[in-house]
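So for the sequence shown, the working numbering puts the first residue at 116; every next one is plus one.
Calculated directly from the structure, the hints in this document are not laboratory data. All C-beta atoms in this analysis are idealised placements derived from N, C-alpha and C, irrespective of residue type, glycine included. Be aware that one or more of the hints could be misleading.
[Claimed, not checked] Have a look at the derived ranges for each label pair, beta carbon to beta carbon: (1) 519 / 758: 25 to 33 Å; (2) 460 / 436: 34 to 42 Å; (3) 218 / 461: 43 to 51 Å; (4) 705 / 333: 39 to 47 Å; (5) 218 / 473: 20 to 28 Å; (6) 436 / 358: 47 to 55 Å; (7) 280 / 454: 22 to 30 Å; (8) 461 / 273: 41 to 49 Å; (9) 227 / 388: 51 to 59 Å; (10) 337 / 705: 34 to 42 Å; (11) 460 / 303: 46 to 54 Å; (12) 711 / 845: 55 to 63 Å; (13) 273 / 246: 28 to 36 Å.
[To be verified] Lysine-lysine pairs mimicking DSBU-like chemistry, simulated, CA-CA at most 30 Å apart: (14) 324 / 276; (15) 126 / 303; (16) 693 / 597; (17) 430 / 278; (18) 432 / 372; (19) 597 / 661; (20) 440 / 464; (21) 744 / 798; (22) 475 / 546; (23) 432 / 187; (24) 579 / 597; (25) 403 / 372; (26) 346 / 324; (27) 215 / 346; (28) 324 / 399; (29) 491 / 629; (30) 475 / 440; (31) 458 / 430; (32) 645 / 597; (33) 215 / 178; (34) 475 / 464; (35) 126 / 440; (36) 413 / 276; (37) 303 / 399; (38) 629 / 661.
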Amino acid sequence: MFTPNQSFISKIITYQMFTNISHLWQNLVNKNNPEEIYLNESDLVSQENIHNFLSFQLFISPKLQCLLLLEKQIDEQYYQITITFDHYEILDFLDLIQYKLIISNEQLLTINSILFQHKKEDLDHQNFIFAILQILTKPLTLQDNCLKEYYQSQSIEIILKNKIEQERILHQVTQQIQQDVDLLIIIKMTIEQVQTLLEIDRLLIYQIKVPIQQEFSEETQFIDTVTYEAKANQIIPSLLNFQEESCFKNIQNCEEKYLNGFHLAIEDVNNSNLNSCLKEVMEKLGVKAKIAIPIIVKNELWGLLIAHQCFNVRKWKSNEVNFLKNISEYLAVAIYQYNSCQKLEQQKKLLEQQIETKAKQLQDALIVAQIANQSKTEFLGSISHELRTPLTCVIGLSGTLLHWSKDTMKNSLSNEQQIRYLNIIQDSGRKLLNLINNILDFADIEAGKSLLYIEQISLENVSKMIYLSALEIARNKGISIKLNNLVNSDLDNFFADGERLYQILLNLVDNAIKFTPSGGEVIITISRNKNQAIFQIEDTGIGINKEQISLLFTKFQQLENYRTRTHSGTGLGLALTKHLVELHGGLIEVQSIVGKGSIFTVFLPNSETKNNLKPLTNQKEIVDFKINKTIVIICDDDEIGTFLCELLTAADYQVIWLVDIHEAINRIKLINPIIVILEQNQKISLEISKNLKSEANNNLHLIVIQEEINGNEWENLSTSGIDEFLLKPLQPSLLLKKIGEIINH
């Protein structure tokens, strides 16, 4: 707000004197001189809310700069004016109104240029001042009662002093807001200074909806209470934390009135028309006169600035009311800025927390990735070892047999040796197949492609199969193995996936044998209650540290380093076992003591209905043997036919190779395969397709093998019933992929 501190004069004058002075300013103007500029309130965009003055006249030239402000109209006859020649004050004034001025950029540049020249006063300047003094030195006649009362109550010096002090307080609040001073300090200093200046007995702030945290509740309660207070002396009782809600609630549209600019000014509480409830409260608090000004923040009633006179009644002057209104507006700005800063600070803290959380997540993800990478490295080392051993046997022994079979004259291998070699080769092949099956099973389960085939099984048969399967391996290691079947005959029947249950138990028994030294013991115990079967595998092996038990069922996790370990394994067995148990809706537990052994216990629920099937997401074939996996090959080329037979047989398909084309169609109708692979020219392929598709066998799929094929040829083949094609040379992976897609469709 503009506050002239070095003014030439600030005085109350008559209307006629003001008119004469205004003419002085207007007579200065020479429109033909571009360096002379005259401005008044008509040069503003809007004349409303022109800060703390009613009108102004400003003249600027290289020789003279003067500003006339009409600050207040005391009544119809008398005015309070301010005149200044100080170029700094004029600059401050222009800065105050520059956004409302309607002038050209050239005029604005001219004004700034003149004001910064600092030229000395000349004769024109002196003459102008002399003319002003002639007008102002005429004596005032105090004919108006209002003016008489005005001068009787206060001298002009006191009025000006109060005015300056009011402006100083407002300026101080402005600076504090700009400097981000704490809200508590701003409010406390402001109300203390205002209370002293206006000689108010008690000045307080009654805040609306103050949040209060409940002691034994997470809910926040909101109350209306006195939060700030300034008193003239200690005799006056304090109203800090005073609450009075009932009266305000009973006053109709109280808050709405304050929001619309209403203020309450009571000169004498006892002789006022106050609400009876409020009057009773005022009398109780010893209030003789009162004024309440709303503090409005973002179109909401934040609180009330309330002044109390406690010993005498008081007639509130308009300048006091206006000053308190200004104070409330400035405090509203400070409160709004404080609230905005608080929100920004909260957002900053929230953002910092989010950044810290993200950083922690990234760090955790990095650790997980490093662990996964380490697990992958160990898995690759383990799998390499697990593959190398049986492959070495297969390659070495098959090479030996092949070498001696080429020269029958020098063949020194007996039939027993050959049979032993073949058995080792077969066992190694089975190990490789089991290893690959475990990997594929685990991948399917993790991808959600597994579905249990629940059937009625015999717990006794399952336990015997496990025992017999592990017996020879245990004996070869010098380990005794025992079977305890505690299941009553009437509870022997159990509903589960028999193949998966066998896989679960065999993995656990193999694991127990693997980590039990020679001379140790493995015990298989099976029991049953009404709702579940309990399978317990106990060994007297090396045991497991408590810290490592949580890692047992992690995929690719080996408790020994793959480079230094003494026990084989890929780290998939127990992870796969846990997944299969959970797929049944069961639970697996481990108890172990280092150096004494371990006990693995599996609890499986009895799945008596199909509703207990545990699909993950996608369906897969129930069991392989229930799907038609018969493939017929019609091929004249021995090399391609042999390749297809060996590849598909190894992939667990039933393969039939037909050479006679004329008999092929009839045989295919009898065999009823899922796929027919044709290695023929297009003409024959089309003829076979026509004959086979005419039987309306929707499940039959035809694949042709060609040297090359273009778009037109494929269009001709596909419209004739051919479903897929393969190009020579054949790619095993692509062939198996296409067949797998057809089988699983």
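TODO: Sort out whether residue 276 lies within 30 Å of residue 413, counting only the CA atoms.
DONE: With Cα atoms ~33 Å apart, residue 413 and residue 276 exceed 30 Å; violated.
Task: Holds or violated: residue 126 to residue 440, with C-alpha atoms at most 30 Å apart - done: Holds, at about 24 Å.
Task: residue 303 and residue 460 - C-beta distance against the hinted 46 to 54 Å - done: violated (21 Å)
Open item on the list: Please verify whether residue 303 and residue 399 have alpha carbons no more than 30 Å apart.
Closed with: holds (26 Å)
Open item on the list: Next pair to validate is residue 324 with residue 399; report whether the Cα-Cα distance is within 30 Å.
Closed with: Given pair residue 324, residue 399 holds - Cα atoms ~24 Å apart, limit 30 Å.
Open item on the list: For residue 432 and residue 187, compute the direct alpha-carbon distance and say whether it is at most 30 Å.
Closed with: holds (14 Å)
Task: Restraint status (C-alpha distance of residue 324 to residue 276 at most 30 Å) - done: violated (38 Å)
TODO: Check the following: the C-beta atoms of residue 280 and residue 454 are separated by a distance inside 22 to 30 Å.
DONE: holds (29 Å)
Open item on the list: The hint says 20 to 28 Å between residue 218 and residue 473; measuring C-beta to C-beta, is that right?
Closed with: violated (54 Å)
Open item on the list: Taking the Cβ atom of residue 337 and the Cβ atom of residue 705, is their distance within the range 34 to 42 Å?
Closed with: This hint is violated: roughly 56 Å between Cβ atoms.
Task: residue 227 paired with residue 388, Cβ distance criterion 51 to 59 Å - done: This hint holds: roughly 56 Å between Cβ atoms.
Open item on the list: Just to be sure I understand the hint, the distance between the Cβ atoms of residue 519 and residue 758 should be within 25 to 33 Å; is that true here?
Closed with: Once the Cβ atoms are compared, 27 Å apart, the range 25 to 33 Å for residue 758 and residue 519 holds.
Comparing the model with each numbered hint stated earlier shows that hints 5, 6, 10, 11, 14, 15, 20, 22, 27, 30, 31 and 36 do not hold.
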